[in-house]
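With the hints as constraints, model all of the structure from the sequences given.
Quick note, the sequences are listed as chains A and B, same order. Just so you know, we're using the numbering used here here: the first sequence kicks off at 1 and counts up by one. Just so you know, we're using the numbering used here here: the second sequence kicks off at 1001 and counts up by one.
Hints were generated in silico from the structure; no laboratory data involved. You may find that some hints are simply not true.
Listed next, the in silico DSBU-like pairs over lysine-lysine satisfying Cα-Cα at most 35 angstroms (straight line) [claimed, not checked]: (1) A:103 with B:1137; (2) B:1137 with B:1072; (3) B:1072 with B:1004; (4) B:1004 with A:99; (5) B:1137 with A:101; (6) A:132 with A:52; (7) B:1072 with A:99; (8) B:1156 with A:103; (9) A:103 with B:1004; (10) B:1156 with B:1072; (11) A:101 with B:1072; (12) B:1004 with A:101; (13) A:99 with B:1156; (14) A:132 with B:1004.
As a plain string of letters, each chain reads:
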Amino acid sequence: MISEPSNAMSRVATAGTLAFVALLVLIWCVDAAGKDAGVTSSAIEPSVWSMKRWSPYAAGIGIGILSWFTFLLSDNTLGASGSYATTAGMLERILRGSKVKEKTYYREHPPEIGWGWMLLVGIVVGAFMSAKLSGDFHIEIVPSLWERTIGEGVLLRVAVAFTGGLLLGIGSRWADGCTSGHGISGTLQLVASSWLAAICFFVGGVGTALIIF
Amino acid sequence: MGHKMAQLFLGLVMGICFGFLLQRGGVTQYEVIMGQLLLRDWTVLKVMLSAVVTGMVGIYALRIPGLVRLHKKSGAVGSTVFGGLIFGVGFALLGYCPGTLAGAVGQGSMDALFGGVLGMLAGTAIYAAVYDPLERKVLHIGEFGRLTLPQLFNVKPWSVIVVLGALIVVFFFILEYAGL
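Quick look at the structure:
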């Protein structure tokens, strides 16, 4: 049903209409949130684009609306962790050539550039654009909370971040999704495994955070 | 080929929107994520649950005329719970999750790039290397498949959407009332 050409036309038409409405809703949300905080009433009148932070609700609604388009136009879902595995596979292919296909995981998930990989690249670009536009962009190695509670040492922060990344990489593939793929895309489809995964992410995360800090 | 290129382009554009919203929402900040995991700052759940409410209403509405189809992930205690808990430990050590990690790189956080991204690449490579025995022995323990909440509770999807949506909105009011 999803691949019929006439259906494709109606999906594009629906997407166009939704995009227009979504844009209006989002601008209204951000504007309302800004007025709440008394930001837009100032003489400088900063625009929506130069505000450092949007209301988390506005950002969340925006992501929810974005998810409609991933389903409508790309028959796909917002997710990030699988594309790290794709990248790891692409690097392994450079080293070992086609032998990479000896691994079942890479046969099931071919290490090739696809929609999800472009999405991950887009996240880096989009965050950069957001930070640049609001003046929030700055090079930082040790986050301030870490510096205050643990210390200024760069090596320790990077080592712990690497260990965290390692576990995040293993765990996200093990659970077949991350805070985006399960936590947002799966839960919004009311999938049981995604709700369970999201709960486990936070149980493990809160438990570990309370031990560290 | 043209279709494939168009999809790659769409992926990039949607990623840019996603990254922009994550950064503006504040969830690419180490402090915000750790604040959530320490239960002091509820920004992460506000962003996620607003997205869930908006997304579920839209996706289930678009399903009525058959414009979208669901992409349900299969679940099992051996994969979802074990993997999810390992993920949680990594989440707290790193202070970013895979999506916000990419966003943090874009905003200039170098611990995300040199620690997190390299760690994730190593972690996913390790997972691919141990996938076979894991798949045989662990991943299918307590499997429950592509179950949905409406199936689990034996009710219509819209009943779940209304109840869940109401609970989330009430939760938001409690958070705001408590000044969190």
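message: Against the 35 angstroms threshold, does the CA-CA distance of residue 1137 (chain B) and residue 1072 (chain B) hold or violate the hint?
response: Measuring from Cα to Cα gives roughly 23 angstroms; hence the hint holds.
message: residue 1137 (chain B) and residue 101 (chain A) were given as a pair; does the straight-line alpha-carbon distance stay at or below 35 angstroms?
response: Between residue 1137 (chain B) and residue 101 (chain A) the Cα gap is close to 22 angstroms, so the pair holds against 35 angstroms.
- request: Please work out if residue 99 (chain A) and residue 1156 (chain B) have their alpha carbons no farther apart than 35 angstroms.
  value: Measuring from Cα to Cα gives roughly 48 angstroms; hence the hint is violated.
query: Do the alpha carbons of residue 1072 (chain B) and residue 1004 (chain B) lie within 35 angstroms of each other, as the hint requires?
result: Distance of about 23 angstroms is within 35 angstroms: holds.
- request: Measure nothing beyond the straight line between the CA atoms of residue 1156 (chain B) and residue 1072 (chain B); if it is 35 angstroms or shorter, mark the hint as holding.
  value: Holds, at about 17 angstroms.
- prompt: Holds or violated: are the alpha carbons of residue 1004 (chain B) and residue 99 (chain A) at most 35 angstroms from each other?
  reply: Holds, at roughly 26 angstroms.
- prompt: When you check the alpha-carbon spacing of residue 1156 (chain B) and residue 103 (chain A), does it fall within 35 angstroms?
  reply: violated, 41 angstroms
message: Check the hint pairing residue 101 (chain A) with residue 1072 (chain B) against an upper bound of 35 angstroms on the C-alpha distance.
response: holds, 26 angstroms
query: Straight-line Cα separation of residue 132 (chain A) and residue 52 (chain A) no greater than 35 angstroms?
result: Holds, at about 10 angstroms.
- request: Below or equal to 35 angstroms on CA atoms is what counts here, so check residue 132 (chain A) against residue 1004 (chain B).
  value: holds, 31 angstroms
- request: For the pair supplied as a hint, residue 103 (chain A) and residue 1137 (chain B), confirm whether the alpha-carbon distance does not exceed 35 angstroms.
  value: Answer holds: residue 103 (chain A) to residue 1137 (chain B) is near 17 angstroms, not above 35 angstroms.
message: Next pair to validate is residue 1004 (chain B) with residue 101 (chain A); report whether the Cα-Cα distance is within 35 angstroms.
response: The given pair, whose Cα atoms are some 23 angstroms apart, holds under the 35 angstroms limit.
Hints 8, 13, counting from the list given before, are not met by this structure.
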